[in-house]
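**Student:** Sequence:
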Amino acid sequence: MRETNSHARRLYEKFGFVEEGCLQKRILLPDNPFIADITMAWFALNLRKLPYHPIHQF
Numbered sequence: 016m017r018e019t020n021s022h023a024r025r026l027y028e029k030f031g032f033v034e035e036g037c038l039q040k041r042i043l044l045p046d047n048p049f050i051a052d053i054t055m056a057w058f059a060l061n062l063r064k065l066p067y068h069p070i071h072q073f
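Heads up, this note's numbering is the position in the sequence shown plus 15, with the first residue counted as 1.
Rather than coming from a laboratory, the hints here were simulated on the basis of the structure.
It should be emphasised that the depicted structure is a prediction, and the values quoted were computed from it without experimental measurement.
Idealized CB from N, CA, C, for every residue including glycine.
Hints are supplied without guarantee of correctness; some may be wrong.
[Said to hold, decoys possible] Label pairs and their in silico Cβ distance ranges:
hint, residue 1, residue 2, range
1, 52, 30, 15 to 21 Å
2, 39, 59, 28 to 34 Å
3, 26, 51, 24 to 30 Å
4, 19, 56, 15 to 21 Å
5, 21, 43, 18 to 24 Å
6, 25, 58, 17 to 23 Å
7, 46, 23, 17 to 23 Å
8, 58, 37, 14 to 20 Å
The task is simple: from the sequences and hints, build the whole structure.
**Tutor:** As C-alpha cells, then:
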C-alpha cells in the first residue's frame with residue numbers, strides 16, 4: 016500500500032491488519048518523488064479485534 020493512501024490504511028487496520036514493514040522510495044509517481052510502500056499483514060491472533068467475528072468460537 017502506498018504511504019500516501021490513508022483511507023486504505025484505516026480500512027486494513029479496521030480488519031486487524033498491522034504494519035509489517037516499510038520499503039522506502041519504492042514507488043515513483045509521475046508528479047512526485049519516490050514514496051514508500053507499506054506492507055501490511057494479518058494474523059489469526061488478531062481475529063478477536065474484528066468488528067464482527069467470521070469464525071465461530073468453540
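**Student:** Between residue 25 and residue 58, is the Cβ distance one that fits in 17 to 23 Å?
**Tutor:** At 19 Å between Cβs, range holds.
**Student:** State, for the Cβ atoms of residue 19 and residue 56, whether the hinted interval 15 to 21 Å holds or is violated.
**Tutor:** holds (20 Å)
**Student:** So the hint says 28 to 34 Å: do the beta-carbon atoms of residue 39 and residue 59 match that?
**Tutor:** holds (29 Å)
**Student:** Could you see if the CB distance from residue 46 to residue 23 stays within 17 to 23 Å?
**Tutor:** Cβ of residue 46 to Cβ of residue 23: about 20 Å, so the range 17 to 23 Å holds.
**Student:** Taking the beta carbons of residue 52 and residue 30, is their distance inside 15 to 21 Å?
**Tutor:** For residue 52 and residue 30 the Cβ distance comes to about 19 Å; the hint holds.
**Student:** Is the gap between the beta carbons of residue 21 and residue 43 within 18 to 24 Å?
**Tutor:** holds (20 Å)
**Student:** Given the range 14 to 20 Å, decide if the beta-carbon distance of residue 58 to residue 37 lies inside it.
**Tutor:** Given about 18 Å between the Cβ atoms, the range holds.
**Student:** Is 24 to 30 Å right for how far apart the beta carbons of residue 26 and residue 51 are?
**Tutor:** 18 Å Cβ-Cβ, so the 24 to 30 Å window is violated.
Checked against the numbered hints given earlier, the structure breaks only hint 3 and satisfies all the rest.
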